[in-house]
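Visitor: Next come the chains, spelled out residue by residue.
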Amino acid sequence: MIATARAVAWRNLHNFFSNLALVLPAVIFPLFFFTAFAGGLSRISSVPGFDFPPGYTAFQFVFVLCQSAAFGGIFTGFSVARDFESGFARRLFLAAPRREAIVLGYVLAALVRAMFTIGLITVVALVVGMQVDGSAIDIFGLYGLALLLNVAAILFAAGVAMRLRTMQAGPAMQMPVFLTLFLAPVYVPLDLLSGWIEAVASVNPATALLEAGRSLISGRPEHVALAFAVGFGLIALFTVWAQRSLRSAERAGA
Amino acid sequence: MSGAARIQVAAVARRSIVRTMRQPAMIIPAVFFPLLLLAVNAGGLDSATKIPGFPSGSYLTFALAIPFMQGALFAAMSTGTNVANDIETGFLSRLSLTPLRRTWLLVGQLSGVLVLGVVQAITFLAVGLVAGADLEAGAAGALVILALSLLISLGFGSLGAAMALRTGSGEAVQGLFPLLFVTLFLSSMALPRNLIETDWFRVVATWNPVSYLLEGVRSLLIEGWDLHALLAGFGCAAAIAALALAAAASALRTRMART
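Heads up: the protein sequence lines correspond to chains F and V, in order.
Residue numbers for the first sequence follow the numbering used here, so the first one is 1 and each next one is one higher.
Residue numbers for the second sequence follow the numbering used here, so the first one is 1 and each next one is one higher.
Heads up, none of these hints are tricks.
SDA-like, lysine to any residue: derived pairs with alpha carbons at most 20 Å apart:
#1 K50(V) <-> F50(F)
#2 K50(V) <-> G49(F)
#3 K50(V) <-> V40(V)
#4 K50(V) <-> V47(F)
#5 K50(V) <-> D51(F)
#6 K50(V) <-> S194(F)
Don't read these hints as lab results, they were simulated from the structure.
Kindly generate the complete structure, drawing on both the sequences and the hints.
Guide: This is the structure we're talking about:
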């Protein structure tokens, strides 16, 4: 099982890192969001009631970190869809003794891709002077949350890809994740939101991850256990989803 | 325009309009996504109105200008993809065998994007007003917004056509989409320029013509009739349209010569 997963992951990572058309969007988009949000909206920190001592750059860094982790999973989901569309997945299904290992391989690839992007964003954020008040353990927790989100996202996207088995499934993978992330407290903390968006953000699982991540980078951890529970819960949910989708692909003969 | 020219433009324009309107995959994202982002941003950034000096008490009103720009970016992709498709399928090569003049071909090809621009502008304005946005300039202001929006769509549509004619590939046109989006994000999209705190960002936003397009639409919504903002908005839109049309015409000349 491990050998199969490793082979699938290696192939995916080789394809990713040897193709600039795949690497550049994965890197440029998060940097671009970081620049636009942290640079263009920094005045938001002067809104009455906005209290985040490390500053607006760190506040937005956590969102961009979670976003790039989630989209690292989604972009890997595109690779799964491409493998099905091109017929490569059919050959993989024939060759793999345990087909769950194929999904595990994609998850490993998504994790490496996310770590690459997250590392780059962190370097850029530190270069532009982001203030980090949290301890090493806090920051470790923050990256842990981001990687949990990455695994949940690839399991969701792989599930969609294995059910629809076409690149046309791209929007069905992207849109729910995009909406979930942007319906969380992106620009200001939850208590500064009002109206319908506050109601939606209050029940949005991404809110728990974002708020806990921000508390970790500011060195004042809050609701971290809840965030990890949400992260593991999403992974459990989407593992079942991915497994059922795998069976669906098997029944369809990939 | 001579009778023959009218017939040529009408034939290409009709095809362009019908083709655009028959593709829900082109219309729905171009109308739906900007409205979705408007809803999310208007909710999420409402507290920005508490920043001293913010020009409006409603972030929805402030943000209503953004869908017009996003719609124009989608229009650029729509035109670019259609033109690239004509090149890839050999339709443009077949057209080059007919007496159709290049200028009329370009005008006709842009008709689809102009119709899409009208649909977008009316929808964005109607949804915005129903949701509670203000329109200080009144009904006449709505007509001016429609005119500015059409000029913006023409400019970005021509840019999409120029890209397609230069590259000849729909995939290449799609790949250029993020570059266009960057110009929107590095503008006064989310906050007025005088409230942008980061110096380099404010400088980029000040040099970015997209800021003036947004501020032109925004002035009619928030302030009423601000001649300076309107002149800057229409001036930038006209300049973009003229440059993009010239680029598209030049690329078409090269493309037709090749075929």
